[in-house]
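Enquirer: Sequence:
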Amino acid sequence: MADTIDGLFEDYPGVDRRSCRLLGPTALITQGLMGVLVISSLIYKRHRETPKRPWRIWLFDVSKQVIGQLVVHGVNVLISHVVAHAAEGNACVLYFLNILVDTTIGVGVIYFFLHILTWLLSEKCQLKGFESGQYGSPPSFSSWARQAAVYVVSLLSMKLLAVALFAVWPGTFKMGEWLLSFLGESDAVQVIFTMGLFPIMMNILPVSYTQRQEAEIVKNWPKNKRRCYNFCVLLYYWHPTPSWEEWVYFGFCTCTSAESEIKLRALYRELLDRCTFEEFCAAFEASSIIALFDRHGFTSQRKNFHNLEDILSGSPHMYKSVWKLKQFVMNKDMWLSPSVYVDYGFMNCRTSDEFAELKALYKLLFELECKTSFDPVELHNAAIKGKILQYASRLLKFKKGQKKLYARLMRNPYPLPEY
Numbered sequence: 000m001a002d003t004i005d006g007l008f009e010d011y012p013g014v015d016r017r018s019c020r021l022l023g024p025t026a027l028i029t030q031g032l033m034g035v036l037v038i039s040s041l042i043y044k045r046h047r048e049t050p051k052r053p054w055r056i057w058l059f060d061v062s063k064q065v066i067g068q069l070v071v072h073g074v075n076v077l078i079s080h081v082v083a084h085a086a087e088g089n090a091c092v093l094y095f096l097n098i099l100v101d102t103t104i105g106v107g108v109i110y111f112f113l114h115i116l117t118w119l120l121s122e123k124c125q126l127k128g129f130e131s132g133q134y135g136s137p138p139s140f141s142s143w144a145r146q147a148a149v150y151v152v153s154l155l156s157m158k159l160l161a162v163a164l165f166a167v168w169p170g171t172f173k174m175g176e177w178l179l180s181f182l183g184e185s186d187a188v189q190v191i192f193t194m195g196l197f198p199i200m201m202n203i204l205p206v207s208y209t210q211r212q213e214a215e216i217v218k219n220w221p222k223n224k225r226r227c228y229n230f231c232v233l234l235y236y237w238h239p240t241p242s243w244e245e246w247v248y249f250g251f252c253t254c255t256s257a258e259s260e261i262k263l264r265a266l267y268r269e270l271l272d273r274c275t276f277e278e279f280c281a282a283f284e285a286s287s288i289i290a291l292f293d294r295h296g297f298t299s300q301r302k303n304f305h306n307l308e309d310i311l312s313g314s315p316h317m318y319k320s321v322w323k324l325k326q327f328v329m330n331k332d333m334w335l336s337p338s339v340y341v342d343y344g345f346m347n348c349r350t351s352d353e354f355a356e357l358k359a360l361y362k363l364l365f366e367l368e369c370k371t372s373f374d375p376v377e378l379h380n381a382a383i384k385g386k387i388l389q390y391a392s393r394l395l396k397f398k399k400g401q402k403k404l405y406a407r408l409m410r411n412p413y414p415l416p417e418y
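For the sequence shown, numbering that gives the first Met the number 0 gives the first residue as 0, with consecutive numbering after it.
No wet-lab data here; the hints were simulated from the structure.
Among these hints, one or two may not hold up.
The list that follows gives simulated cross-link-like pairs (lysine-lysine, DSBU-like), each with its CA atoms no further than 35 Å apart [as the list claims (entries may be wrong)]:
| no. | residue 1 | residue 2 |
| --- | --- | --- |
| 1 | 402 | 127 |
| 2 | 399 | 358 |
| 3 | 63 | 358 |
| 4 | 51 | 370 |
| 5 | 384 | 370 |
| 6 | 399 | 370 |
| 7 | 173 | 224 |
| 8 | 386 | 398 |
| 9 | 218 | 262 |
| 10 | 127 | 63 |
| 11 | 63 | 386 |
| 12 | 331 | 386 |
| 13 | 218 | 123 |
| 14 | 331 | 63 |
| 15 | 370 | 331 |
| 16 | 358 | 262 |
| 17 | 398 | 51 |
| 18 | 402 | 222 |
| 19 | 127 | 51 |
| 20 | 384 | 402 |
| 21 | 44 | 402 |
| 22 | 362 | 399 |
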C-alpha cells in the first residue's frame, strides 16, 4: 500500500509531501484554538437552550460529545501521521480525507453502529443504562459511562471502515492531493486549512443550512403539528418544564416529581420509536394519544402516571383549568390565563400581596401532591362546586384569621345555576 500511495503523491507536486506537520507548533496552536471554539460554542448553546437541561444532564451529554471528538481527532492524527510517514506522503492530505469521510458517509455509519449496538444491549441483552440521553433518576455516572463507551466504539468502527476505504481505493489520495493543490507548499496554510477551516466548514455550514431548510418547512405546518415537532425535538435533549406549553399539552403537568417526569419522557421516546411522526400528530390532534399508547403495548406503563389519561383525553383542545393553575404557580413569570383567574379566586385579590399569598397557597398544595392525598382533579372538582376552601382545609392548617381571608379570596362563580 505504501508504494501505491507514494506513487500517487508524485503526481501533484503543488502540495509539498513533507511540509505538513500535524504535531508542529502551527498545528498545536490551531488545535488549541479549535478546542476553545468548540467548548465556547457548547456553552453558548447551553445559554440559548430553552428549556435548559439541568447542569448535570448537560455535562453528561456534552462530555460524551467532547470525548468522542477527542478520540476521532486523535485517531485521525495517528492515521495521517503513520500512513504519511510510511509512504513519505503529506499528512495534511490524509487528515483532510479523514475529515471529509467523517463528516459525510461517516455520519451515517456512526448512526448505524450506534443504533445497532444500543438495540443489542438494551433490547436483546436487556441491559440498563445504554439508551442515549437516559441517565436515570438521579442521573447515574454508570449510565453515562455505558453510553459513552457505546459512542466511542461506534466512532472507532467508523474509523476502521474509513481505513479500509483508503486501502481498497487508493485513488482517494490522488483526489485529496488535487483538492489541496491550491494551498501551495506553505506548511502553515496547509495545517490551518485542514485542521481548522475545513472541519469548521464541514461541521457548521451543512448543519446551519439544514436547520434553515427545516425551519422553513415547519413554519408552514398547522399549529398542533408544530407543537408535536417541537415536543419531539425537545425529547431528544430533555423533557418539557412548566415554562413550556408542551408541559401541559403532553401531560407532564400530571407528574409529581422530577423522577416521574424523566420516566414519562422515556415512555414517550419508546412510543415514538414504534409509531410514525404523522401517526403521533394525528393522535395528538384527535386527543387520542392514550389510545396510541395502548395500541403500541404501553397500557400498563402509562397507567403508572396518575391523571395522565385525564389531560390527554382532551388535550390540546380542552382540559381542566387546574393544570393551567399548576403551571402558573410553578412558573415565576407565567401569564395567568382567564380561566384560572376566575376559577381559583385571583379575581378577588385587592393587592399584589394578596395575589402573591394566594399563589403561594396553591403552590404549597401542589407540592403536597407526592406526600399526601392531594389530587389536582379533586381540587378542580371542588372549584366547580364552589368549595375550594373546604377542600384546602382538609390538607392545610390555617392560622387564626387566615380562614376569613381565604374565604374571600377563594370565592368563585360556582356552582353555576342549571338552565
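Enquirer: Which numbered hints turn out to be false for this structure?
Expert: Hints 1, 3, 7, 11, 13, 17, 18 and 21 are the ones this structure does not satisfy, whereas the remaining hints hold.
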